[in-house]
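Spelled out from the first residue to the last, the chains are:
Number of protein chains: 10
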Amino acid sequence: MSLINTQIKPFKATAYHNGKFVDVSDESVAGKWSVFVFYPADFTFVCPTELEDLADQYAEFQKLGVEIYSVSTDTHFSHKAWHDTSAAIGKVQYPMIADPTQVLSRNFEVLIEEEGMALRGTFVVNPEGEIKVMEVHDNGIGRVASELLRKVKAAQYIAAHPGEVCPAKWEEGAATLTPSLDLVGKI
Amino acid sequence: MSLINTQIKPFKATAYHNGKFVDVSDESVAGKWSVFVFYPADFTFVCPTELEDLADQYAEFQKLGVEIYSVSTDTHFSHKAWHDTSAAIGKVQYPMIADPTQVLSRNFEVLIEEEGMALRGTFVVNPEGEIKVMEVHDNGIGRVASELLRKVKAAQYIAAHPGEVCPAKWEEGAATLTPSLDLVGKI
Amino acid sequence: MSLINTQIKPFKATAYHNGKFVDVSDESVAGKWSVFVFYPADFTFVCPTELEDLADQYAEFQKLGVEIYSVSTDTHFSHKAWHDTSAAIGKVQYPMIADPTQVLSRNFEVLIEEEGMALRGTFVVNPEGEIKVMEVHDNGIGRVASELLRKVKAAQYIAAHPGEVCPAKWEEGAATLTPSLDLVGKI
Amino acid sequence: MSLINTQIKPFKATAYHNGKFVDVSDESVAGKWSVFVFYPADFTFVCPTELEDLADQYAEFQKLGVEIYSVSTDTHFSHKAWHDTSAAIGKVQYPMIADPTQVLSRNFEVLIEEEGMALRGTFVVNPEGEIKVMEVHDNGIGRVASELLRKVKAAQYIAAHPGEVCPAKWEEGAATLTPSLDLVGKI
Amino acid sequence: MSLINTQIKPFKATAYHNGKFVDVSDESVAGKWSVFVFYPADFTFVCPTELEDLADQYAEFQKLGVEIYSVSTDTHFSHKAWHDTSAAIGKVQYPMIADPTQVLSRNFEVLIEEEGMALRGTFVVNPEGEIKVMEVHDNGIGRVASELLRKVKAAQYIAAHPGEVCPAKWEEGAATLTPSLDLVGKI
Amino acid sequence: MSLINTQIKPFKATAYHNGKFVDVSDESVAGKWSVFVFYPADFTFVCPTELEDLADQYAEFQKLGVEIYSVSTDTHFSHKAWHDTSAAIGKVQYPMIADPTQVLSRNFEVLIEEEGMALRGTFVVNPEGEIKVMEVHDNGIGRVASELLRKVKAAQYIAAHPGEVCPAKWEEGAATLTPSLDLVGKI
Amino acid sequence: MSLINTQIKPFKATAYHNGKFVDVSDESVAGKWSVFVFYPADFTFVCPTELEDLADQYAEFQKLGVEIYSVSTDTHFSHKAWHDTSAAIGKVQYPMIADPTQVLSRNFEVLIEEEGMALRGTFVVNPEGEIKVMEVHDNGIGRVASELLRKVKAAQYIAAHPGEVCPAKWEEGAATLTPSLDLVGKI
Amino acid sequence: MSLINTQIKPFKATAYHNGKFVDVSDESVAGKWSVFVFYPADFTFVCPTELEDLADQYAEFQKLGVEIYSVSTDTHFSHKAWHDTSAAIGKVQYPMIADPTQVLSRNFEVLIEEEGMALRGTFVVNPEGEIKVMEVHDNGIGRVASELLRKVKAAQYIAAHPGEVCPAKWEEGAATLTPSLDLVGKI
Amino acid sequence: MSLINTQIKPFKATAYHNGKFVDVSDESVAGKWSVFVFYPADFTFVCPTELEDLADQYAEFQKLGVEIYSVSTDTHFSHKAWHDTSAAIGKVQYPMIADPTQVLSRNFEVLIEEEGMALRGTFVVNPEGEIKVMEVHDNGIGRVASELLRKVKAAQYIAAHPGEVCPAKWEEGAATLTPSLDLVGKI
Amino acid sequence: MSLINTQIKPFKATAYHNGKFVDVSDESVAGKWSVFVFYPADFTFVCPTELEDLADQYAEFQKLGVEIYSVSTDTHFSHKAWHDTSAAIGKVQYPMIADPTQVLSRNFEVLIEEEGMALRGTFVVNPEGEIKVMEVHDNGIGRVASELLRKVKAAQYIAAHPGEVCPAKWEEGAATLTPSLDLVGKI
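One line per chain: the protein sequences are U, P, S, X, D, L, V, F, E and W, in this order. The first sequence begins at 1 in our numbering and counts up by one. The second sequence begins at 1 in our numbering and counts up by one. The third sequence begins at 1 in our numbering and counts up by one. The fourth sequence begins at 1 in our numbering and counts up by one. The fifth sequence begins at 1 in our numbering and counts up by one. The sixth sequence begins at 1 in our numbering and counts up by one. The seventh sequence begins at 1 in our numbering and counts up by one. The eighth sequence begins at 1 in our numbering and counts up by one. The ninth sequence begins at 1 in our numbering and counts up by one. The tenth sequence begins at 1 in our numbering and counts up by one.
Hints were generated in silico from the structure; no laboratory data involved. Please note: incorrect hints may appear among the correct ones.
With a straight-line Cα cutoff of 35 Å, these simulated DSBU-like cross-link-like pairs (lysine-lysine) come out [what the hints assert, rightly or not]:
no. : chain 1 : residue 1 : chain 2 : residue 2
1   : V       : Lys-9     : V       : Lys-91
2   : V       : Lys-153   : E       : Lys-20
3   : U       : Lys-20    : E       : Lys-153
4   : S       : Lys-9     : D       : Lys-12
5   : P       : Lys-12    : S       : Lys-9
6   : X       : Lys-169   : X       : Lys-186
7   : V       : Lys-169   : F       : Lys-32
The shape of chain U in the complex, shown without the other chains (with noise of 0.2 Å):
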């Protein structure tokens, strides 16, 4: 079955944060918008140059009220070095999720299990904890912050306008198509 929309696994974890240690849950997250970003392990390859292009959109994201969570199986005392060291990382301003237990990469049905570490997969959870879109890549395809982007204000007009849908293609700003008989058959 298809994680699209249920409702995210409740969770414990602890994130590094702006320089603190934090706790998150599914009872932290609840209410807003939000994005899951997992990928293998912290002072990888790929890894930095997709949290750092996350980084630099991440005012666009915070703009429209969504919150990104990294996350890894690594803990967040790693977490908390790779932010020391690395030039790329020491930009990231969201919260870098630690899943030393794996519960999180297990809900989101995204760990590796011969090798504990997550693929790079992308969810978005609207408010009401449901997952609306979901992306998965073999580890060696990096993703596109600004194509995260779109989808995600698709799933918000959407939400926002019962009764309408986006077709493809849809870029914000763009006409939407409000489903009715009269168009069945017809398109």
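With the hints as your guide, set chains P, S, X, D, L, V, F, E and W onto chain U.
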């Protein structure tokens, strides 16, 4: 467990393809790159815009040696009738798979059991039959063919260049990374 | 065990009916006689001739207080498109039930699992929701609406006249039999 | 699951046939078309009228190479006694199968468990032993031998003409349909 | 375990009795002595001679306050027809129970499963519903009504005279034994 | 299920027979007709009268080639002591089987579990080891040896004359019936 | 697990006692010391010498307030007959329990299942129903009543003198030991 | 089930024997008579008096070819230390088995689970490894070596003289009984 | 799972302590620090040197409010005898627990099942009954009491100073560390 | 059951070792003595002091032919980054095993499931792969490398000198004990 890097499961289906009914199976898709594009139902709203978008870029995919398969739980009779009567769908030249037994939709975990229809799921499959990229949207949110094209190119590039990985925002022709111990903790 | 004299099982479905999408359920059919007519798929061959035959006799059924429901595993979108584009189906004024979840086809034991389509099954259901007559054909063999009408009349007659039964070849207005001990071994 | 297109299950029974007790089994009915006509009990009401109606048309069935088997849960002793004493049943020249073990009535799913008697079920079986047509009535509603004859002819016609199907209301000699892709969505 | 001294199990059946169809059940036989006489089938050979023998002695049983119930797996329709057409059976004035559901034959463990008919079993049941005497023969061996009468009398005598027992060859009016410690080892 | 026409189960036992302790088993009784006569206990009341009655008719049984076996759950020591001290039992010349393991009493389903003693059960077994007649009484009701003799003769007669059956009240030398189709419904 | 210090299990039995049949149960033996003496069978060899030996010392046991119960799987009828006819057994004044249901022999784990008889087992039971001494012999080896008497006395002595124990070879009146920490390692 | 006449179960243990640690097992005790004497614990009260009593009579047992094995759940280290420091135990010349794994105490069903110590159990085992006599006491009651000697002699006598049995109170040299049918009911 | 930080399981045992037998249980050890020192057996080799080493340092442990419990599967009788006869063990003033039921050895997972003896295991338990330190050796390797003392002090220090931890080689009085986010990645 | 004397379970892991990533497995550690040192997480507090202490004594271990493996659930990327950035860890020359799959931490039963990190556990493994010494601390209590060195020496000494054991407080060069029966109860 994630579908990423798993083998696609066996299936047999009938497709409408350029005026003919043809057989498609896990065996017939083996040996080349393929993209499976699930959508909810013929004669509906977002679907034709997505299928048209793909039809418009079909030549690009063909150049990369990639076949596109659209899939819904409608019958091949319905696909043929839709192709005959819709201007948008009339442009489609790739195979339109009929999945009334819902086997394929269950295999790719996109079936909405209580509706008997599929979610908007896209899957990039390599010639060995392994799923390398997956993307699933709530049905109100449309997809973008050009972004799919980028991912296919990245997947093909790393398959062709063992030892390299594509960083975030990678576009065809851009530099890739070659993981090595020296890079650990240095990006 | 036979379905005859069992209660129809719960279902919820959407139908296309005279230009509208309407809800149909086991509860909405209760309280009057109904006929469920299953067929394999929209846009096929025998099916429109059967549905047209029923459309032609619909007024007769209406006079008897009987509602007709045609059912296939296609969606209501497909039903609407077929109704719009086929002269034969365009005549249909009874509700065309969409069964993409295949619940109804399984309830009436007419689903061909390996095809995802229904057999040609006809079921007469009384106002109490009990199946009184059933008839199922291999898909190559068409049905006759007038014979169905005769059976409906016989079923209604014996429901209205407890203690009487309809002999072979009974037609409306003909004599019936009243079973009694004296008749035993005497016919 | 429907009995249509399933193989009849093994059985062994004794029948009364033209003044003799004979063995009948799934093996002895193989190789020619047959019709199984179940009814509740010897010495009852609707039953003799139905069996007589069939007896009257028996020559027609014989011409088509079809054998008729009537079946009830009575013993062969009872069948013989009924044949001896009833004018209507005295006309019967086809085998009257005794099913006191109720194996055959269970095989064809027409046994009313709480009565130990069968429903009025009719089954057309092809020479390969597959059920092609079935019809079951509540016990108060009689059957019509001529309609059965029409169905047998349609079943034989499509068996003899692969690729053709019989539309609604088809009678012997009328045109049939040959399904092809061009017809899809055109009737 | 033996059926002797067990309670008869619940049953509901229809019997042919003196020109009427009547209901018989475990409840309706309670409160008086009864004899259940099973036989294989109506219209057969040994059976009518046994039932006639019982019919001839029925007055004797009646005097003792004992009801006789004959039982076969035939229907009540068949019993009536047999009674109408057989001189021997025409004499029967006790209820002829129909057991087409085979519940009663299974309760008394006399059903021959592979034939759907009962063995020649006789059971004497006291007013409390307990089986006191049982006798079962292979179907080729007939029973004797006068011996049954002797057993019924012995059963009634010891029921009426607690503390006495009937020795071998006891006939009505003969001396009985009163067990006591003094008799132990003295006979 | 009835014991009639089943094979007797394996057993091994010790019997007291004409001043000796002998072994008896299912194998040693095979090949000739035998009668097993169960009774509750040595040194009791009805039992010696029954065993004496059989002793008096033993010569008749011997002439028919029939062996009698009396059986109780007492030991062979007890049988010997009873034979030594009781005038009635002193006459017994047939084997008295000891069944302290209660295997035989359970095999023939006559053990009263809560007393550890057998019911008064009589079983006629043919040379093939099949039970042809059974009779079980509540312990207060004695049996009659002459009636047993009649049944043994009937069982032997139909075994010797395949195709004939013994009607009710049949005595040695009387006419038997030969079942045939012509007789059906004619007696 | 050993039976020593376990509670005797519930039982109900009939015994022959001084010319009467009496009921004995776990409840009726409670409240005083008792000895259960199992033996294989009435009318055998070692058994009467053992029971006679106990009969000779019965007065001694009575003085100690101890009841003796002999037990075999024979019936109470057999016990009575044995008592009547054997000089040795005629001396017995204690209850002779009949155990044809073999419940008691199983409770005390002395039943030889393949013979239906008990081993030579002796059990001393205190007023609380707990087994304090047990002794079981292969059936060829007889027991000695005087040794049993010594054990009963020792059991009663330590029951009456908490804190003392009887050393090896202890006889009535001899010194006992009072365990204390000072004695540890000093004897 | 009783342990009498069962085979002793496999075991391996270490014993202290005349100044050495030796291995003892089911295999090493086979081929001669042996006696297993269980007691609760080294350094306790009744135990040394019992072991000393046996030590005093050890020459008698040796003459009969019988080995004695004392057993407790203490270790062989403890046995050695006890032997070194106790005058009574210092006399012991037979093997003292250590059973800290409690396997042997469980095999002979004398382990008190809630104390981890054995009951006072004595077992006579024949050269075939079968237990012929068992005796178990509550721990406060001591045993008598001379009575054990008598039982061993009786067990050996009947083993050497098949067909004879030892009556009650039998002492070496006394007459035995030879069971025969003539003796039944005569003692 | 590790025993560290689990609650000790319930137990009840007898110990030899300063010339007395005393009860020890999970409840009696609660409320103060304790050390459980398992060893294989009384009267052996390494064991007395270890117990003596602890006896020599017992005053130090007492000062820290720590009780020492030595444990083996020997009985308390054996402990007392050992204490009486060994110069080394004679020094012991702490309780010597007897564990013949092996419950405690199983609770702490140090029982060698095939020997019935414990490994050399040491466990430091805090006043809440939680195991804070464990150490288990193959039986040939002795332990050092002074190292145990160091660990107890460290465990007590961190219990008394929440938020501090003892670094490697910490000795009483040395500096400890106070974990804080600033220290992460800085040591 | 204790891990002592069990075989280490199979594992495969990546370690950071002197500037390289190397494979380590149960097979690669076989054939020489090894020490596994588990700790909670890279970049934390007690851990670097312990690892530094071991690094300082590494030459001593090397001389004894012993390899040290530190293990945490961090990745090898994290180990490398820590080694690069910490002065204390920079000294480490032994392999640092990465255990993100937590297989090794579970094998040695030190995983804290609810934290995804290991306890401070130390295990000495002999060349045959058997665990000879284990020590586990609550995470606040540091370990001492010199004490570990003493235990390794004792383990090696007794492995090299079968028949000797190391008493308490044994240091390299000190006398050992040779267990013999004469010593039992004498120390």
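Evaluation of the provided hints:
Annotation: proposed proximity of Lys-9(V) to Lys-91(V) holds, straight-line Cα distance about 30 Å (limit 35 Å). Distance check on the hinted pair: Lys-153(V) and Lys-20(E) sit about 33 Å apart at the alpha-carbon level, within 35 Å; holds. A hinted pair counts as satisfied when its Cα atoms are at most 35 Å apart, and Lys-20(U) with Lys-153(E) qualifies at roughly 33 Å. About 30 Å separates the Cα atoms of Lys-9(S) and Lys-12(D), which keeps this hinted pair within 35 Å; it holds.
With a CA separation close to 31 Å, the supplied pair Lys-12(P) and Lys-9(S) stays within the 35 Å bound. Using a Cα cut-off of 35 Å, the hinted pair Lys-169(X) and Lys-186(X) holds, with the two alpha carbons roughly 19 Å apart. Straight-line distance between C-alpha atoms of Lys-169(V) and Lys-32(F) comes to about 27 Å, which keeps the hinted pair within the 35 Å bound.
The structure shown violates none of the earlier numbered hints.
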